[in-house]
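Sequences and hints are given; from them, build the entire structure.
What follows is each chain in one-letter form.
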Amino acid sequence: MIPAAGVWERLAAAGIVSGTAPPAADDPSPWYVTAMLGVAAWLSALFLLAFAGVALSDLFRTATSMLVLGMLVCAAAIAALRVAGNSVFATQLGIAASLAGQALVAFGVLDGGARNAVSWAVIAVFEAILVAVAPQYMHRVLATLGAAVALRMALGAAAVAALFPAAVAAAFVAAQGATPQRLLRDSLWAPVSTGLALALLLVIPFALLESLFFAAGRSAPFAGVAAWAGTGAVACVLVASIGRLLREAGIDWRSRTGMWALAGGILLSLAAWPVPGVVVALIVLLEAFAAGRRVLAGLAVVALLAALAHYYYALQAPLLVKAAALAATGVVLLGARFALRLARGGGPEADHA
Amino acid sequence: MNDARQAIVSWARAGVLPRDELPRAMRVAGVTPDGATWRAFLSRLLAWLGAACLAAAAVYFVAANWQALGRYAKFALVEGALVAALAVAWWRGLDSLPGRAALFVASVLMGVLLALVGQVYQTGADTFELFAAWAVAIAVWVAISRQPALWLLWIALVDVAIVLYFRSDAARAVGAAGFLFAPRVALWIVFALNVAALAVWEWLGAARGGWLAVRWAPRVLATVAGTVATLLVVYDIIGFGSSPFGWSWAPYALFIGALYWAYRVRTVDLFMLAGLVLSVVVVVAFALGRPALENSGAGAFLLIGLTLIGCAAAGGYWLRQVGAETRGSP
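Sequences listed follow chains A and B, in order. Under this note's numbering, the letters of the first sequence match residues 14 to 366, in that order. Under this note's numbering, the letters of the second sequence match residues 1095 to 1424, in that order.
These are computed hints drawn from the structure, not numbers from a lab. Please note: incorrect hints may appear among the correct ones.
Claimed, not checked - As a list, the in silico SDA-like pairs of lysine to any residue whose alpha-carbon atoms are at most 20 Å apart:
#1 Lys1168/B with Gly1212/B
#2 Lys1168/B with Val1211/B
#3 Lys1168/B with Ala341/A
#4 Lys1168/B with Leu333/A
#5 Lys1168/B with Ala337/A
#6 Lys1168/B with Ala340/A
#7 Lys1168/B with Val334/A
#8 Lys1168/B with Thr1217/B
#9 Lys1168/B with Pro331/A
Small disclaimer: the values here were computed from a predicted structure and weren't measured.
Here it is in structure tokens:
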């Protein structure tokens, strides 16, 4: 976290602002306090749900009653969140109630069966609406995560789960950006991108769950095509992300630096083709670094290490082929670093840790 | 979230900072990177990720147990990589980025080499011995490395060796679920080890500074120790081989008290305090939840839910107050 102290003076020295510094209006809670409150809200929601399940057990017998009750609870929770202001208790109560309401809605929608892609898609849309209407940061993170989970389940049920990392990575890149319009909507897009990054961390547990619940989907005739399309789409998202970062930095993609950066992205995508999780994590890492969002960058590093570890258990290739793919990726990366060092003169200070 | 980022956006919304200047303001404030910062970041990223891929490739290669390659060729390959990594570390020095990455790779390769010995000669050794031998073999490198990441790798190896020592089903013990359901005595030893490492790290960090002054490493140690302590109390509550009022409560209370003293009274670390609050909320949830589950009372569930919301809200409020107090101090 970069402290706000002294920022006004730096901006004034650069001629961007003038006069005395006004107080910053937004809530300055660090991420770990927000995360603690989010986990606690989840726990509380479980007990609220248990209360509803026991006290209103008759309502749990039909999908319609669960849907109606869930939507009413969500509506009340969002109303509470919109008027909660800085009240920690009201916010916490609103988030916990909303999570319980979301669970009720999900139970109602999935009453016809958990293998229905359309049902999961409906839940994803419902969660996306919650992201838009409830203004609280942690609620937006959790609702985004809920939408991504539902999307993943929908794609899994349709036997095209391999498209999920590319879809989430593309959404993540779209939620980033350094234009004034985008930065002014930071209260919406910052929690959305955090939720999407968390969803990418869940790719591996999703794959394990899918092997248990959607075993039939894996043998679908177009699953192989989806895997290729998904990996190719991830590569395209990486190249598009690099292109946008270059544009925001004022670098023409046809310049020497631009061409090197794009070529590096393409080369890396090809080398890491069997390990698309690594490329997805790199996309998040680059975008998070560009936006100065260090916690997201940390999440990306965790996702990267998880992708490398999970690759060991992936069944699509023997271990020897995997070892060769990883070695090739490592050589490409170290070669790229050597090229970068040569391009800037490569003095000994360049390597000093 | 980011204090400077939020402040700049709020100033732009209030109209005291021209909206068109937002991207430049972010760069000037150091929120978003400039060219030099990008180059340094890319250099580190490429070095560490490249090293990680090569180390993982070595692990996969040995695990593949390629029959077409003789035992001497396998040893030559792994030992050659190990010597090459050590040579890079020696050549570039332990304070340089390539030197640090190379020493980390060498430490991983040592484990690969020990696994290869077990694979080729079928030594019959228990799995915990591999991790214990690995930790012993790299101890000197870790000691001279001045690298927090390498120290944490070493402590993780010792943790795994301890858990494996107390488990006969080694394959299950290595996974997260295996760790969660490890024997209680193993968890207590892991807890004690991580608390001791945390205390020593904080003491040396305060006394010597330098590379020991990083905050992320003691936070990782405290997270491991706190998770294990919370797990042990939860086991007591739900009665995994013990009564609901088992003796885990006493060390847990001591640990929580020590955390409060260390990170609220002696100095302030909001991360540690947030972890403390979360641990207390989890313990309260289980402590109240067990009797509610046994009685299946709807009112009890509602009361517990509201109590947890109250606990978390009070904790969040307290953390905000502590944070504001810290920012206000000179």
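Results of checking the hints against the structure:
Distance hint between Lys1168/B and Gly1212/B is fulfilled; the C-alpha atoms sit about 13 Å from each other, no more than 20 Å. Pair hint Lys1168/B plus Val1211/B holds up; C-alpha atoms about 10 Å apart against a cutoff of 20 Å. Taking the CA atoms of Lys1168/B and Ala341/A, the gap is near 19 Å; set against the 20 Å cutoff, the hint holds. Proposed proximity of Lys1168/B and Leu333/A is supported: the alpha carbons are some 13 Å apart, at most 20 Å.
The suggested pairing of Lys1168/B with Ala337/A holds, with an alpha-carbon distance near 15 Å, which does not exceed 20 Å. Taking the CA atoms of Lys1168/B and Ala340/A, the gap is near 16 Å; set against the 20 Å cutoff, the hint holds. Of the pairs offered as hints, the one joining Lys1168/B and Val334/A holds, with about 16 Å between alpha carbons and a cut-off of 20 Å not exceeded. Simply put, Lys1168/B and Thr1217/B have alpha-carbon atoms about 17 Å apart, close enough for the 20 Å limit, and the pair holds.
Taken as a hint, the Lys1168/B and Pro331/A pair is honoured in the structure, with Cα atoms around 18 Å apart against an allowance of 20 Å.
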